[in-house]
Each structure stands twice: as structure tokens, then as C-alpha cells.
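2 protein chains.
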Amino acid sequence: MNVILLEPEEVSPEGEVTLTGPRARHVLDVLNAGPGQMVRVGMLNGSLGSAVVTASTDRGVSLRCAFTSERPSRPRVDLLLALPRPKVLRRLWAQLAALGVGQIILTNAERVERNYFDTHVLSEACYRPLLIEGLQQARDTWLPGVSIHKQFRILVEDDLTAFFPSGHRLVAHPGSVTTDMRLAGIGSSERILLAVGPEGGWNAFELNLLKAHGFLAFDLGGRTLRTDTACIALVALVHSALRESERSSGSDSI
Amino acid sequence: MNVILLEPEEVSPEGEVTLTGPRARHVLDVLNAGPGQMVRVGMLNGSLGSAVVTASTDRGVSLRCAFTSERPSRPRVDLLLALPRPKVLRRLWAQLAALGVGQIILTNAERVERNYFDTHVLSEACYRPLLIEGLQQARDTWLPGVSIHKQFRILVEDDLTAFFPSGHRLVAHPGSVTTDMRLAGIGSSERILLAVGPEGGWNAFELNLLKAHGFLAFDLGGRTLRTDTACIALVALVHSALRESERSSGSDSI
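Line by line, the protein sequences are chains V and D.
With the first letter of the first sequence counted as 1, position 33 gets the number 39 in this note's numbering; the numbers rise by one all the way through.
With the first letter of the second sequence counted as 1, position 235 gets the number 241 in this note's numbering; the numbers rise by one all the way through.
Be aware that one or more of the hints could be misleading.
Note that identical chains are pooled: a pair holds if it fits in a single copy or bridges any two copies.
What the hints assert, rightly or not - Subject to a maximum C-alpha distance of 25 angstroms in a straight line, what follows is the list of computed DMTMM-like cross-link-like pairs (lysine to aspartate or glutamate):
#1 K93 <-> E139
#2 K93 <-> E205
#3 K93 <-> D35
#4 K93 <-> E116
#5 K217 <-> E163
Since the hints were made in silico from the structure, they are not lab data.
Construct the complete structure from the given sequences, taking the supplied hints into account.
Here you go:
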């Protein structure tokens, strides 16, 4: 936990908040912060800041927060992910939030088993704390958006534009001609939507529908990875390519 | 399982092998391959090939294999990893093998808890099947080497050269001046040794010792990640940078 995230409704207009539960235990037992000491805080979907511990008991800790104008920018990567097994998805939530994903768009596909949609791992009560755990790890405040779609074709043909109006679309698919992210042309203000298929891959119809809707297929170096490994590797690669692009456009303008 | 890996001693000089257990169940229940059908096989640390199913029963399946001369090249990334929590390491074995790592060098560090060294996850009986699982996922045959070191200083000062005689050394460290992998200068034949610290990071002595032994510190884009997320992201980034480097040196020579 590299920042303690607070919900807007928890904090008084004077910036005061009393924590119990895991965040209080973190302040008391991991940071060993007593009255007068400072801890890093952030407002969910808002600014980062710092807080002074004003009181602590066995059960809780009181903070007085001062938020700065430093608001993290929204991650520029969105993920279109064929719904993975519940066990895999459970592990992915925090890791995706830590890596930085703006919107997580979960979809059905032929090779997604129908009962995957019945899991509690898809309930906000389950995933929201896991996403926040990832943000607290990475010192971010932007809670990823989450949407769940049971009809792949309707999602791609009709609904996707609302989530992702403009930017580059990529689909990871072993055996594609493009063997790496050819992202050289990406401007620094753009977003990337990355599609990752189910174990076993997209079927031909799905892949063609994605291509017909602007997705460039590429191959992650010839190795077929598990969904969770592939997601983490791909999101990291896209972020890295975006940073490279920012840097080179920055140096161009000098 | 995208290839079935065989141990050299399992296979007769005529290329015949009888499988039981998970590999047999995979052939019978997942691939639905009966007598006369072909499956992909590979010899551990050797060549890839194909096999015809010659007989199958409820308990096992017999194959006659033909190996090609196609032997995957050894992954060019090695990993120096501060020993993570057993639960995290258990999850990492297969993912590292799938991503492609030549040597996994596990080390002590100040922020590694001593009891992490007592876990059965460090026994070959535990990790070898997990590494093979990852290879079968990625269709590779190169079993990563594994070594375990309880004295960080002796490892870095005396022993590391034996594992990694030449190549680029990188250490991931939040807050480093270098904010990305500046790998432009890497020749296509070189190897990369990537050092990933414990949760909480390397201490100042450790980081300085690494730098004094040729490790370039860089920052993975300002976000602090969990060890497992960081390992996967970093190994994927280094592989991608190596492919980029190969491609550009390939086009230079045209």
C-alpha cells in the first residue's frame, strides 16, 4: 500500500477522516505512524496529498488531509478482454489497476464458458476493493471503469464506440503477420484499446469482426501465453510504447 | 498445453513413448486424439516434433514421435530475483517459463523474510513441473536453470559472472533517472540480466552494489508494482526490446 485511498464521502469538508479496518492497520502496523506523523493519501478519482495522524487507538486512526492539485492522469490504455476463468479474473483485477487501465470491457466469446458469467468475481462488491488495492499499490487514484457484455457482436458493432470513441485498436493474436507493436505513429494524446482473447483464442468470426472494426492484429513474439500473463505483458508493453512515443514527440518539439 | 514435452529417458530409441497422468488425459480428453491422429511433442531441452497416437486406453496413450531439427533457441533474458513470498513464487514459475527466461537466480536481500527460504516451493520437485507447464503453454523446450543464493553480496561480487558472463545488466528501481529501457544499443546476440527487488525494494547498499557491478537502474514508468506483476511486465518488455533490436539490426544488414 503506497498510498491510502479515501472515498469522497468519508472525508469531512475540513479534510478529516477516521479509518478502521485494513487501512487503519496499515497506518498503525506497517507504517508505524503515530500522532503527528505524515502519511500519503489520495482521493479516489481525485488528487493525491498527504495527511497528518491526529489520533490513533487500537481500532482506528484519525487523519487530517491536505490534497494537492496533483491529480494523476487517466491511464491511456483500455482493455477489451474475453471473460477469463473466475480464478484468473480474481487475480487480474488488482494487477490491471496497478498497471493502469482506463476501462476494462469484459466480453463473451465462443471459447468463453457460459458459467463464467455467474461468478461473484464479476460483482462490484468483489472487484471494487481489488481494483482499489491495485491503485494503492501503484499510487494512482483513477478507478478503472468496468463493463460486462454478453453479446460480442453487439458490443463490437454497436457499443464499443461509446467506450472508445477514438484511438488505436490492437488485438493480440498468435500467428499474426505483425510480430510486434508498431506503435511508432501513435501521437502522445491518443488512447489504445487492446483486445485479449480467451484461452484457445478468438474464433475466425470474432477475429474478422474485430479487424473489420479497426483492430490491428499482432503477435506477441510467437509464444502463446495464459490469459493473465498475456494481459499483464501486453498492458505493460503498450504503456511502454506510449511513453516512448511521448518522449520522441517531446524531443521532436524541442 | 500447446505441446507435450517428453523427458529424454521416457522415449525409446525408436521414438516410442507411453504416457499416463496429465499428459495422457490432455491427449485423450482435450485434444480428443485417438489412434492415427497427430499431436505436437517436444523433447525437454531438445527439439520440437510431432507424434502419431499408436494406441490408447483409459489409463494411457502410446505415441510414436518424430523430432525435427527445430530446436527453440535459449531465451536471451535471465532474471535475478529477490526471493518473493512462497505464494507469489509458486504462481511465477510457470509464467516465467512461458515468457521465456534462461536462468532464474533467486537471492536473499535485506527485505526478504528469512523463512521464505524454508518453503517447499524452492524444491525442484515443486518447481520443475511448474516450469514444464509454462514451457508446454508457450511451446518451448528450454527448461530454465534455477539457482538459490542466501548471500546477496557473495552472489553479486563472486558468483554472478559464472551465470552471466557477458551482456547487459538492468535493475528495476522506482525513482531511477532512466525512465525506460534504453536498449537501443543492444546487439542482437546479447543477453540481458534483469534484477527485480523484493517488495519494499532493494536497500541502498544492495542497489549500489548492483550498480557497481554493471547494473543500469531504470524506472518502469513511475508506478510501483507487486513483484509478480513487475516480473512479468519487465520480462515481456525486455523480450520486446530484444525483438526490436533484432529487427532493426536485421534491416541494417540488408
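Each hint, compared with the structure:
Taking the shortest alpha-carbon separations for K93 and E139, both the intra-copy value of 17 angstroms and the inter-copy value of 18 angstroms come in at or below 25 angstroms. In this assembly of identical chains, the alpha carbons of K93 and E205 lie at most 25 angstroms apart whether taken from the same copy (13 angstroms) or from different copies (23 angstroms). Taking identical chains as interchangeable, the C-alpha atoms of K93 and D35 lie at most 25 angstroms apart only when they sit on different chains, with a minimum of 22 angstroms there against 30 angstroms within one chain. In the homo-oligomer, the alpha carbons of K93 and E116 lie at most 25 angstroms apart inside one protomer (19 angstroms), although the nearest pairing across protomers, at 33 angstroms, exceeds that limit.
In this assembly of identical chains, K217 and E163 lie within 25 angstroms of each other by CA distance solely inside one copy; the values are 11 angstroms within and 52 angstroms between copies.
No hint from the list above goes unmet by this structure.
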